[in-house]
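Residue numbers (this note's numbering): 1 to 735.
Do not take every clue at face value.
Unchecked claim - Keeping only pairs whose Cα atoms sit at most 25 angstroms apart, straight-line, the calculated SDA-like set for lysine to any residue is:
#: 1; residue 1: Lys-623; residue 2: Val-680
#: 2; residue 1: Lys-685; residue 2: Asp-596
#: 3; residue 1: Lys-623; residue 2: Lys-573
#: 4; residue 1: Lys-667; residue 2: Asp-536
#: 5; residue 1: Lys-573; residue 2: Gly-655
#: 6; residue 1: Lys-573; residue 2: Asp-596
#: 7; residue 1: Lys-572; residue 2: Lys-623
#: 8; residue 1: Lys-685; residue 2: Asn-591
#: 9; residue 1: Lys-685; residue 2: Asn-662
Hints are computed from structural coordinates only; laboratory data are not their basis.
Everything numeric in this text was worked out from a predicted model, so none of it was measured.
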Amino acid sequence: MDNFTPPTLGIIELPELSELLRQLGYRIVSGPNFQNAAAAVKAEIDSANARGDANGSRFPVVIADGRKPGIKAWTQKLSATSPVLILRDGDPRSHYIIAEGTRELNLPATVGEILGSINFPVPQDEKLTWLVGVDGSVRPSNAAPSPAPAFPAATTAAPLPEAAPQFPAAAPAFPGTAPSAPGFPGTPAAAERAPWDNRPVADEAFHQPEVDPSMFDRPAQTIFPDAPQAAPVQPAWAVADQAAAPAPAWGVPTAPAAPAAPVAPAQPAVQPDWSANSPAGWPAATASFPEEVPAPQAPAPFEPLAHGRRSQEPDQTFDGWAQPAETAASFPEAPAAPATPAWAAQFEAPAAAQPAAPAWAATPEAAPAPWVPEPAAPAPTFQAPAPVAVPSFTSPIEQQAPAWAAAAEPDWASTPVQPAAPAAPAFQVPVPAAPIYTNPVEPEIFEAAVVNHAGGPVSPIIFDWAYKGGVNKTSLSLQFAHRASECGMKVVLVDMNRGQGGVRTMLRISDDAPIPSAFDAAQTGDPSAAVVLPNDMQRHRANTLAPVQFGVVLAPPRAVASADATPYTAYKKIIDHARRTADLVIVDTQNVEATDNSGLIDKVMVPMMIEDAWGVAITEFGKESVDNLLAALEMYQKRGLARDRQLLTVTRVQGFTPDDANGVERKFGRYARFAGTTTVSSYLKDQLDRGQIISDDPAVRPLLDNVLFQVTGNSVFDESAQKPKKRGLFGGGKR
1 MDNFTPPTLG IIELPELSEL LRQLGYRIVS GPNFQNAAAA VKAEIDSANA
51 RGDANGSRFP VVIADGRKPG IKAWTQKLSA TSPVLILRDG DPRSHYIIAE
101 GTRELNLPAT VGEILGSINF PVPQDEKLTW LVGVDGSVRP SNAAPSPAPA
151 FPAATTAAPL PEAAPQFPAA APAFPGTAPS APGFPGTPAA AERAPWDNRP
201 VADEAFHQPE VDPSMFDRPA QTIFPDAPQA APVQPAWAVA DQAAAPAPAW
251 GVPTAPAAPA APVAPAQPAV QPDWSANSPA GWPAATASFP EEVPAPQAPA
301 PFEPLAHGRR SQEPDQTFDG WAQPAETAAS FPEAPAAPAT PAWAAQFEAP
351 AAAQPAAPAW AATPEAAPAP WVPEPAAPAP TFQAPAPVAV PSFTSPIEQQ
401 APAWAAAAEP DWASTPVQPA APAAPAFQVP VPAAPIYTNP VEPEIFEAAV
451 VNHAGGPVSP IIFDWAYKGG VNKTSLSLQF AHRASECGMK VVLVDMNRGQ
501 GGVRTMLRIS DDAPIPSAFD AAQTGDPSAA VVLPNDMQRH RANTLAPVQF
551 GVVLAPPRAV ASADATPYTA YKKIIDHARR TADLVIVDTQ NVEATDNSGL
601 IDKVMVPMMI EDAWGVAITE FGKESVDNLL AALEMYQKRG LARDRQLLTV
651 TRVQGFTPDD ANGVERKFGR YARFAGTTTV SSYLKDQLDR GQIISDDPAV
701 RPLLDNVLFQ VTGNSVFDES AQKPKKRGLF GGGKR
């Protein structure tokens, strides 16, 4: 194949590994230090984007963990668009680079293990068994081993793909006179040996399974490009470095090596899959593409996923949640597959039975048809604005809901009540001429409603509010929703911080992800258009993050976050809709100010709290925070806000004593009831920083259960009811 191009791989801070992989025929983008290597990677990505090669701009990058100025922020940004593998030592205390959606591998590791961790196809070569040490050095596997790390391998590292080759950690090298094994189509002539090649090799032969050369004949950069591509712009040192090495003779076939023992036939070639750590918003063409390639062909032009269109890939169940289908690259069978580690079980889908779905996600067998009031007289008082041309956001709702096993309705669920004489609706929302979604929107927020509030009582609602930022208001909102949903309730979390929505960030959903928000409800007039179901939300989060079981209404994107584009009236409709379709609604608000210019506080939060909504007023032990919250409570009390539904919370408290509790009661007792405190927890902060929502930590769980029990009356949150009863002397109860 005259137009064959070797696979591209970026390498940062690993010069010896770069040189070795160049000898194996890979195209390496690197540099003598981090700054130069980062510039080379960026130039390669820009060059691929300039010629319209979207796949070519997403080549994997291997980075050695180390304290270099700017490397952490650069890796975090790179991981949003390209696959990243971080090589670390075994001591978790020395880990410096932390980025979501990346894979990790502890050193020392073989070259084959590193390539297998990124699903990269490998030729059959003795250098695959060479070890990369903690210091970045590369040596034959029979050389003197480097000191073992003081700490075991990190248990949080992403597991290897199921179909990746399992290379031994330290295997004897090939004999020096062994013939060349088949490599890439047209294996290049052997490059000049590096200094470490002159070390003696062991006499014992290690036979690796034969590799079918056809598995390397792939379309462009998914993984191997067959079509001609423009030469990327590279720094001068990179050009000189590549010119120094002998030019590989691609297209000159070599005789395959005779295997020492019978081997299994090669599996059909499939494209490597990066969906395990693909960030949200990637084009559908890069998600997963198992494909048999009988003969090299020019790749089809890349077509990015446009707004308003979603990938129609089938889903598979993953721990009870619909996840994007994943496929791993096919590799020849390893001589002996090691046993699957225990920590990998939570990342792999069960082989036989599908896991049970959350109780509220089941579809009742015979659900009664919802009661729909008939208007007595068509006298609309509201005129919805005509649809306008707006940016199209892709609907995350599947056309066909997955079939879950039916779950029993909890005994505390309310019963729908149909009023005797319904009043005529105040207005009817017109159907827009050009819907913003391509897929139909379900009439309910969840596939199966545990409680149907249509036409009956509305669900309780909690407004989390504060007069000062930095008091964990958004964190508590997420933890309230997480705790209630984990206990079986249907929960919708509404981010009403229109200008600076933090729920999206804490859930690790990118700003440009094609996901609905409150803006969609404002433009369509349909409040259900803003609600994102749990399964749909998880598609826009990294697969390394545990799924959540509550729905969300995200704040509008920054470009349409004005009061004109997303007015407060849209939020009122969204909240009213959520209260009639969910069991509990949590609203995260923006900071309260003396003068409300948004309309979200004075026209949404305060009137609802005066009527029947609950409020969780949040402060910290600081004079500014306490005084401002007192002033706001006094102002709202004059407008009619009652004390019985206001719950006071003090966050990040250390050494809270009964005297402190009495002082809080004296200070705020006229305006709110004291609900409890949260304490400082480094574990909790670390998990939230990683995008993991934790609600059962002792630092927050007592407060969450106390508030949720007062708001919902659900005994599952009653801590006193869960304590075991004391038993008498002879095993019986007290008499």
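Tested hints:
Between Lys-623 and Val-680 the CA atoms are separated by roughly 19 angstroms; this keeps the pair inside 25 angstroms, and the hint holds. For the hint pairing Lys-685 with Asp-596, the CA-to-CA distance comes to about 31 angstroms; that exceeds 25 angstroms, so the pair is violated. For the given pair, Lys-623 sits about 37 angstroms from Lys-573 by alpha-carbon distance, which is inconsistent with the 25 angstroms threshold. Note on Lys-667 and Asp-536: the hinted pairing is violated, with a Cα-Cα distance of about 44 angstroms set against a maximum of 25 angstroms.
At roughly 43 angstroms between alpha-carbon atoms, Lys-573 and Gly-655 are farther apart than 25 angstroms, so this suggested pair is violated. Under the criterion of a C-alpha separation no larger than 25 angstroms, the hint pairing Lys-573 with Asp-596 is consistent with the structure, at around 20 angstroms. Under the criterion of a C-alpha separation no larger than 25 angstroms, the hint pairing Lys-572 with Lys-623 is inconsistent with the structure, at around 33 angstroms. The straight-line distance between the Cα atoms of Lys-685 and Asn-591 is roughly 21 angstroms, inside the 25 angstroms bound, and the hint therefore holds.
This hinted pair does not check out: Lys-685 and Asn-662 have alpha carbons roughly 28 angstroms apart, beyond 25 angstroms.
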